[in-house]
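Q: What follows is each chain in one-letter form.
6 protein chains.
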Amino acid sequence: SKLSQQQVDKTNDSVLLLETNLDDATGQQLSLTIKKALDLGAKDAWAEPIIMKKGRPAYKLCLLTAPEQQDFFVKFLFSNTPAIGLRIQLMHREIMERKIEQVQTVYGKVGIKKLSYHGVSKVSIEHDDIVKQSQKTKESSEKIRLAVLQEIENKGE
Amino acid sequence: SKLSQQQVDKTNDSVLLLETNLDDATGQQLSLTIKKALDLGAKDAWAEPIIMKKGRPAYKLCLLTAPEQQDFFVKFLFSNTPAIGLRIQLMHREIMERKIEQVQTVYGKVGIKKLSYHGVSKVSIEHDDIVKQSQKTKESSEKIRLAVLQEIENKGE
Amino acid sequence: SKLSQQQVDKTNDSVLLLETNLDDATGQQLSLTIKKALDLGAKDAWAEPIIMKKGRPAYKLCLLTAPEQQDFFVKFLFSNTPAIGLRIQLMHREIMERKIEQVQTVYGKVGIKKLSYHGVSKVSIEHDDIVKQSQKTKESSEKIRLAVLQEIENKGE
Amino acid sequence: SKLSQQQVDKTNDSVLLLETNLDDATGQQLSLTIKKALDLGAKDAWAEPIIMKKGRPAYKLCLLTAPEQQDFFVKFLFSNTPAIGLRIQLMHREIMERKIEQVQTVYGKVGIKKLSYHGVSKVSIEHDDIVKQSQKTKESSEKIRLAVLQEIENKGE
Amino acid sequence: SKLSQQQVDKTNDSVLLLETNLDDATGQQLSLTIKKALDLGAKDAWAEPIIMKKGRPAYKLCLLTAPEQQDFFVKFLFSNTPAIGLRIQLMHREIMERKIEQVQTVYGKVGIKKLSYHGVSKVSIEHDDIVKQSQKTKESSEKIRLAVLQEIENKGE
Amino acid sequence: SKLSQQQVDKTNDSVLLLETNLDDATGQQLSLTIKKALDLGAKDAWAEPIIMKKGRPAYKLCLLTAPEQQDFFVKFLFSNTPAIGLRIQLMHREIMERKIEQVQTVYGKVGIKKLSYHGVSKVSIEHDDIVKQSQKTKESSEKIRLAVLQEIENKGE
Ligand code: NI
Ligand code: NI
Ligand code: NI
Ligand code: NI
Ligand code: NI
Ligand code: NI
Ligand code: NI
Ligand code: NI
Ligand code: NI
Ligand code: NI
Ligand code: NI
Ligand code: NI
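Residue numbers (my numbering), protein chains in the order written: chain A, 1 to 157; chain B, 158 to 314; chain C, 315 to 471; chain D, 472 to 628; chain E, 629 to 785; chain F, 786 to 942.
Heads up, a few of these hints could be off.
Unchecked claim - Cβ-Cβ distance ranges computed for the label pairs, FRET-style:
#1 E:T639 x C:K452: 42 to 48 Å
#2 E:S744 x F:K899: 27 to 33 Å
#3 C:Q416 x E:S744: 46 to 52 Å
#4 E:E696 x C:D385: 25 to 31 Å
#5 E:K760 x F:K894: 29 to 35 Å
#6 B:E308 x E:G747: 28 to 34 Å
#7 E:E696 x C:L354: 32 to 38 Å
By construction, these hints were calculated from the structure, which means they are not laboratory data.
For glycine and all other residues, C-beta sits at the position ideal for the given N, C-alpha and C.
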């Protein structure tokens, strides 16, 4: 989610879940809509396989947006899919505080997030950086991930 | 959804989502319950594959009803499935205004819905009519759909 | 499956599995194709949710046919779906021998199948008959199923 | 669900649904987390297949807890999964009143629940007891289930 | 599939299906592996949600390759996933002959494929071209698709 | 899979895939059957969500067995599920050679498998051992996994 790309200091917020069941959209349309929604600033977007009335194999399309984006994304979904109705819920969200850092390994720099929430703390390694350094150095992802973890431990995480 | 079979002038309403996780119902029971619920006036009904505790392959059964139908459909689900508990949520729904029309093509009459919502407008062609005319004329659905779209464009959509 | 509607004396046969991954068909198309295929004599037909390339939510459409129906159903699928390629496998099938009987209960007649296979034997109650008698008598399916089972046991199963 | 293991006199309560979309957890982690959550007192726990952004095959992990367990299970999920954010909803639940009883059959004792809700009543047979007696007596589950149902009917359920 | 990007004159060939059930890979790994496999020349690649032993939410990873690519892609899967075993099947494939053409519309050029198979013929419009022209002209995909279909019909498809 | 619990010297073998589509089994039955099959020596067992005819939410049950176990597991499935027909395929399997070892860490002993296949080599850590030591030492799985990886690297992997 977009959640993962930024510094976050608070531990909760509110989000809107917009969802619609689609038995008249193709997979091509669904994946294009998910991509567009994220490009336009939706917090998250996904699809769930469902079985609709008359035994129709279908997907439920789900969008997570900021409450103030409701109007924009309702119109977006009505314009980009065959949906004629959308269910909307306001949801509470608990989130971990995060601090973004860079770790220097022998395989290159890799971003990490130091995460904490009311006494719980953990580290999340940037997946895309692992993939990038793996392609550059021809080393396995596993090896690079290990190097990052060792580096973090050495620094006394 | 039932939403699609009628003239609608408003652009939002409220609906109830009733859901229950079932690892002790068969697929035969689930599809019968979905069909019965729609026949009895539920606004929508569907099933989602889930993996329950103890690794049980299962389905979540979901019903969308009007708020005043809660009592009726709670009893319906308790009577027609092995469910012993139901989760219930009130959901806001944004819906497109719709006007139902008939389009005359060389392949016969086909119903359409003219949909609009705060400046967004689109047309939805009645799937069942396409299927019916396709069976009657032995023409492909694609061809009939195209004829309808051309007719709409000619009339100045 | 069609397997279930007839008397069967042998315990194995061969069937063809035709399958195709579709990210450009709607759920409406898929369910119509499944229904048509069964009406035209396919032995079984179903859909499986899959995730295709470029992250597309999609369905794999599967048809089970007799080996001699290959040509017919390959053309059927090319005509009724956007598929441009089909994977085909010949599969061995082990099946239970079956004898169809009618059981008379206080709730009306219900069909059963007496099934056997190399020493294994069981009874299968006709689901559609249970549903029919349940609608006619307003008794629960469970009660009618129980009555059928008792009747079978009394007759010395 | 935990719902099924106890005597219940009321017909509704409130529960929390905690959910998070995970494209960076393995199935091993997910099933361990579901098991742990139930051992620690969650009311229910399950996973739903979803397709996340960038076309990632993923699972939505769902936990049902008592409202007062929120803090505990939020920390639990942040500690046991890679989740960095959780969506939380308060849900209303309608539940059937239940009375737990033992039924004595020729295959041994089997627990049942007598369920009722505003005039609807039904009986649920303890699945685990059926399995246990089936293993002990080498009789099929179907036969034991039938014996229980007959016993209940005889007692004038 | 790669099938769709090229001129094809024959109507059948043979392909290998490589598959493995993974409860120890993350969604990030799975989608990266699917993308890499296609970049390296696999004919198709996808994932199917499954429920593995011990109730583990998992995915089956499937690769379609040319028979002569077996060695390459077996090593690829062992190197890029935690798989320690792969199931392999040789599958027959029926495919439609195709001729690739360009159609000139008022919204720009769009590629089409003229498909035929033993008397069945149809046209497939290049989805990516529709998306590209839709982004350039700000017209809906539906409108552009319609223009292409009309153009084809005018030319006497 | 059972594959993972033993020393293996060869790099390929043959297995049978037994599968059946079930719309008349409950999730409880399916998970019990999967567990029983593995206890009785099946090589693997899993379920896939599918949508059967008449729009029935269902599961495909899959068993992987040795070719010589066919008779045993066909009877097993006919006895333990409502299946009246089973599809059977002989599948080729490529597998990695494996050597099982124990690694001593500060958190206790953990089993690993050294895997190799035609020049590809990797190490797989015993998931259950990680879980066990994590429960005993109250350390996170991640930390123990890291310790094992470091130990392997130190010994010259
Ligand atoms: Ni907080
Ligand atoms: Ni409005
Ligand atoms: Ni509103
Ligand atoms: Ni869902
Ligand atoms: Ni035989
Ligand atoms: Ni045979
Ligand atoms: Ni009440
Ligand atoms: Ni209430
Ligand atoms: Ni041919
Ligand atoms: Ni070899
Ligand atoms: Ni080989
Ligand atoms: Ni599948």
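Q: Now tell me if each hint is right for this structure.
A: Hint check results:
1. E:T639 x C:K452: 42 to 48 Å: At roughly 56 Å between Cβ atoms, K452 of chain C and T639 of chain E fall outside 42 to 48 Å, so the hint is violated.
2. E:S744 x F:K899: 27 to 33 Å: Cβ of S744 of chain E to Cβ of K899 of chain F: about 53 Å, so the range 27 to 33 Å is violated.
3. C:Q416 x E:S744: 46 to 52 Å: Holds: the Cβ-Cβ distance is about 50 Å, inside 46 to 52 Å.
4. E:E696 x C:D385: 25 to 31 Å: Check passed, 28 Å falls within 25 to 31 Å.
5. E:K760 x F:K894: 29 to 35 Å: 58 Å, violated
6. B:E308 x E:G747: 28 to 34 Å: 30 Å, holds
7. E:E696 x C:L354: 32 to 38 Å: About 37 Å separates the Cβ atoms of E696 of chain E and L354 of chain C, which means 32 to 38 Å holds.
Violated hints, listed in ascending order, are 1, 2, 5; each of the other numbered hints is respected by the structure.
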